[in-house]
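Here are the chains, one letter per residue:
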Amino acid sequence: MADVNLTVDGKKVTVPAGTLLIEACRAAGIEVPAFCYYPGLSLCGACRMCMVRIEKMPKLQTACTTPVAEGMTVHTETPEIAQARKATVELLLGNHPLDCPVCDAGGECELQDMTFKYGAPTSQYVEIKQHREEQQWSPVVYFDRPRCIMCYRCVRVCGEGMDVWALGVQNRGAGSVIAPNRQDHLDCEECGMCIDICPVGALTSDTYRYKTRPWEMNHVATVCTHCGDGCKTTLGVRRADDGMEIVRGDNRDKSGINEDFLCIKGRYAFDFANHPDRLTKPLIRQADRSFATATWEQALELAAKKLKEVRDTKGPDAIGVIGSNRTTNEENYLLQKFARTVLGTNNIDHHRTADYVSFVRALAGKADRAASLRDAGTAPAILLLGNDPTEQHPALAWALRTNVRLNKAKLFLVNTSDIKLRRQAKAFLHIPEGGYADAVRFLGSNDADFHGIEGAADFRDALRAEPKLLILFGSEFRGHDIDALVSFGLSLPDARFACLADYANSRGAADMGLLPDLLPGYRPVAAPGPFAEEYPNLPQKPGKDLIEMFDAAERGELGALYVVGANPVERYNVDPASLKNTFVIVQEMFLTETAQIADVVLPAANLYEKGGSVTNSYGDLQLVKKAGDRAGVRSDLELIVRIADRMGAKPQQLVPFGRGLRADTGQSRGAQSGEADRHSIWLASRQIEPKVSPFDPYAVLDEIARLVPGYDVERMNLLAGNDVRTKLVSIEPAASTTRRDLVLPAQDALFTSGTLGRYSAKLAEVHESHRKSPAETAAD
Amino acid sequence: MPELVSHPEEVKVISRRWGQGAADIDKYIELGGYAALRKCIEQGPEWVINEMKTSGLRGRGGAGFPTGMKWSFVPKQSEKPKYVLVNGDESEPGTCKDHLIFLHDPHSVIEGTMIAGLAIGAKVGFIYLRGEYRYLIEIMERALAQCYERGILGKNIFGTGFDFDALSHTGAGAYEVGEESALMESLEGKRGVPRIKPPFPAVVGLYGGPTVINNAETIASVPFIIEMGGAAYAKLGTERNGGTRLFGISGKVNRPGVYELPMGYNLKKMIYEVAGGIPNGKALKAVVPGGASCPILRADEIDVGMDFDQMGKAGTMLGSAGVVVLDETVSIVEFALRTIKFYQHESCGWCIPCREGTDWLKKTMTRFYEGYGTTKDIDNMRYLAENMLGRTFCPLGDAAAMPMIGFFKKFRDEFEEYIRANPSAPESQALVELVGA
Ligand SMILES: Cc1cc2nc3c(=O)[nH]c(=O)nc-3n(C[C@H](O)[C@H](O)[C@H](O)COP(=O)(O)O)c2cc1C
Ligand code: SF4
Ligand code: SF4
Ligand code: SF4
Ligand code: FES
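Protein chains in written order, with the working numbering: chain A, 786 to 1565; chain B, 13 to 449.
In case anyone wonders, no lab produced these hints; they're calculated from the structure.
Just so you know, not all the hints are guaranteed correct.
Unchecked claim - In silico BS3-like links for lysine-lysine, alpha-carbon gap of 25 Å or less:
#1 A:Lys871 with B:Lys421
#2 B:Lys209 with A:Lys914
#3 A:Lys1205 with B:Lys375
#4 B:Lys209 with A:Lys844
#5 B:Lys209 with A:Lys1193
#6 B:Lys209 with A:Lys841
#7 A:Lys871 with B:Lys202
#8 B:Lys202 with A:Lys844
#9 A:Lys1195 with B:Lys325
#10 B:Lys375 with A:Lys871
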């Protein structure tokens, strides 16, 4: 669109035609106050805070509803405007409680800020304020009516943004109230978007409300530990008796791939960290089969001794290692390096929730065709096969809905169920159960008919006409089905692909080589390339996959099993008796089904309690920062190093720490901590920051960047808290095809999150309440 | 059925058929009905719009926008269907003219709607009736049914190939849905809250299609204009204010009622001659000339012609031409309370200045009326009303603020006197009680 020139407060601004005046002002660095305007939501012109003076117009105009026009001259701060805003604030305060010190939003309230700015220090009214008792609408959402300023943000974000439409307005005039459309309760996705977007303290969350003050918390930007979308979140953390307690999560600054979106899990399901069942002391199995607590010294010593013993007596092939979907890339990398170089085995695997091996193989040589989560928000057309993002990939669902709503993107769906996103879909191919492979074959064919489904051929033809198609698929696709789908996509002019997996670092686990036949970067163990030199004694023979390990245990051939942050016993339905001859070491947060049969249990930190990086389903790499802390637990990285150390391995061989110590640490700058911070970021970005400890994840990250193809990313960007693209590697097509049964979709829904989710009291409560009264989808 | 009034000064154009049973289609046709529609179908849209422009007809809903011009804004080509909407929400206090049209001459509304549809290329018209006018809906429904029976509505009307459907609908009791965009929301089944403008209805209206929305009287005038010709109609009124208008005179007059008089008719004459003057020899205090939203005129300000332009010059508005006459016995304080109670009750609540402003005005006014007022309250209320004016999302906020400002400006002494006349509640004591309460 053509550009338009205008003048705002004497500054010349040029913006595309059609831009709203309020955005044009922002572009000129001028913030026009706004309660009801919210970028991306429908306009409502209700609060009248954004009034500005446009020359040649008789009245003040609302900047939020006025599109720019050529030659417009605008004033945003004049006495007249200040008076108008002051009057509006006065009116709002008329019925608003003036108890900011006890309000949940005190200190981060937009009404407070406006009152401060436009000063309405005297109350004009003596009549009593309208009052209503606070209401609880759902396990997470509370509403304090008197604080509501009727900006309708909550109503719009729930309806337009979430497509849930749980909130509405009741009554009229001064009696207007925001209310659930089901009278007294919400029947909704419990995302908390409404709470997050509320400019005042009217909507509050059960997890955070009245617990602390915003300035008393630490605010740590990190990544959600739950699904494979990897939303960025800023955790609010406060001190607790036994460490730190995370009390809230949000992404209000809209940094990161999820904009301001978070689902219930990202926003509220962090309470597992302080669950009473959390393990904080190592456990050792006693002769009578019971557990006794032990010192770290005893537990680590025993674990190391047993691993060494089995390796040296029964041979490396008698040890199995199972890694995690939720540990960091650094931990995953280190775990496989430990397995391959210290234990000397390729018997390593993890709970695969998607078939990345086949995905990478199918796209070999086409690195540019791998899509980021960001593409879901910008692609002009999207084909989604399988999966139900509303339940399994909420941020993806958000991005798709937003893209359809704001950019008129075309969404094509192929699914066996009537998933909620069909409401945004331009076309929906409702296929019979188990029909995905068939559907892909049909898309690639010229058949007229597909199971007699009406419009199937039109669906296919419309897809083929898309010049730029984003193809997303779920774990329904494995092995050769992925090849078929990719080859269909490659027949289109410019298709990009993403393969959806279930957990925060499912992709990272595969990328980092938690696979029996593939090294980090999907390099075959038989053709290790640089790893031949880097990894002394690297076994050349592919190891046992997860199922084979348990088969070996059954046969009594597995002497030891080392499980890091995984619950295979429950996931793969393993008979505990089959492990009676195997020494099991488990690093866990809780006494899971797998931990219960262990011989040594080592209490581990979770993703919020350590640093490192994770890779989401789409290959977007992000930094994880330590937010919480829990007395008694240790990071998996540290535990691996300590076990290796006790086995006699050299920590330096595993973790390249101690390098780069030449650098000035900036400590001499003393109290000027800002200076020091910048200095260390500069050092870190050049990979010359001091890594003084073998437990420093950055040291491992250095090695990953050096050795894992696709991970040599721009450091500065990563450190700044941005998501950076990893590059898809090209692997030899000869690499093994994954057995279908190795991929086990997690079957999580919106209110579950694997084993971890069971320990989130909030999530469990919501899950339970929705199980009792299943949500009805809003009317179509 | 309310009695019809009449006066020799009247010029009966739209009210011509009233009282003659024209609600029945046969009578309507006998009295010349649906001839204008035939003529328009013959002459075509361009001609119709030109006649309307020539007639000088200005919207009878309140704002007085030239009707011919409004119709000409509708784009000729449109992907979405176009609509004609008749605004029969008539809820402005002091206004009671549209309901007489629906009662006595519903076919004139249907015929006008069809002509408007023909002019802009719409195939569907909606006649939206005020919720409280339930008793009129039967009359309207019957008139519509008769049209379908006679082939006057439906397909291929008069064998000319012109198709048109008309439906009626009632509101649910909200003044605000008289505002055109709120009316569309309401008609679409949503809350009666106005829309952001632009886009204006002529471009994006009902169900997103280009829409002409006109007051019922405006629409009912159309067949008569076609019949007599735009130029002849224009001549009945004053410059830029063509034709006649239905004036609803109420309050302290001897012969209240709805009179059809030429545009520009003198207000003083209207009160003293047409409506028979003030009962019981009382003196006139003030007049609200065009419905409750128009600023009040003092007794010495009423020698003025009743058209849009002259009323504007007099510092008020012609509005919906509902003339409310107050004599010396009427308390302006009480009248102000009654007025703000109405707007507080009718504010849709969408925007802050109107929702909160009307509420605080009402609360303060109520206390004031109860005898607990202070001079500071008068200042506060005026400040409040002045800070609503021009700042609200739709004109309802202005409609509430303007009369209130008028009361405080023109009758401040009466408010001050009211405080003094209530010695039972001295200022200080009143406030102490309130703050303690
Ligand atoms: C609060 C409010 C209430 C209104 N009520 C009515 C009404 O009851 N009837 C009406 O015809 N116009 C009403 N209007 C004016 C309409 O918005 C619109 O201007 C009118 O229907 C246009 O028709 P006209 O051009 O024929 O006057 C109202 C406007 C406002 C702001
Ligand atoms: S929690 Fe989410 S889904 Fe529920 S009402 Fe709020 S915005 Fe809507
Ligand atoms: S609850 Fe909050 S977001 Fe919703 S309308 Fe009220 S102030 Fe706005
Ligand atoms: S001025 Fe505002 S609150 Fe009042 S009726 Fe219009 S939109 Fe509703
Ligand atoms: S921000 Fe413009 S009216 Fe609310």
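Structure-based check of each hint:
The straight-line distance between the Cα atoms of Lys871 (chain A) and Lys421 (chain B) is roughly 23 Å, inside the 25 Å bound, and the hint therefore holds. Between Lys209 (chain B) and Lys914 (chain A) the alpha-carbon distance is near 33 Å, which puts this suggested pair outside the 25 Å criterion. For the hint linking Lys1205 (chain A) to Lys375 (chain B), the alpha-carbon distance of about 47 Å lies beyond 25 Å, and the restraint is violated. Between Lys209 (chain B) and Lys844 (chain A) the CA atoms are separated by roughly 14 Å; this keeps the pair inside 25 Å, and the hint holds.
For a cut-off of 25 Å, the pair hint linking Lys209 (chain B) to Lys1193 (chain A) stands: about 23 Å separates their Cα positions. With a C-alpha separation of about 18 Å, the suggested pair Lys209 (chain B) and Lys841 (chain A) falls inside the 25 Å cut-off, and the hint holds. Distance restraint check for Lys871 (chain A) and Lys202 (chain B): the Cα-Cα separation of roughly 32 Å exceeds the 25 Å cut-off, and the hinted pair is therefore not satisfied. Restraint check: the Cα-Cα separation between Lys202 (chain B) and Lys844 (chain A) comes to about 29 Å, which exceeds 25 Å; the hinted pair is violated.
For the given pair, Lys1195 (chain A) sits about 56 Å from Lys325 (chain B) by alpha-carbon distance, which is inconsistent with the 25 Å threshold. Straight-line distance between C-alpha atoms of Lys375 (chain B) and Lys871 (chain A) comes to about 20 Å, which keeps the hinted pair within the 25 Å bound.
Hint compliance for this structure: hints 2, 3, 7, 8, 9 are broken, all remaining hints hold.
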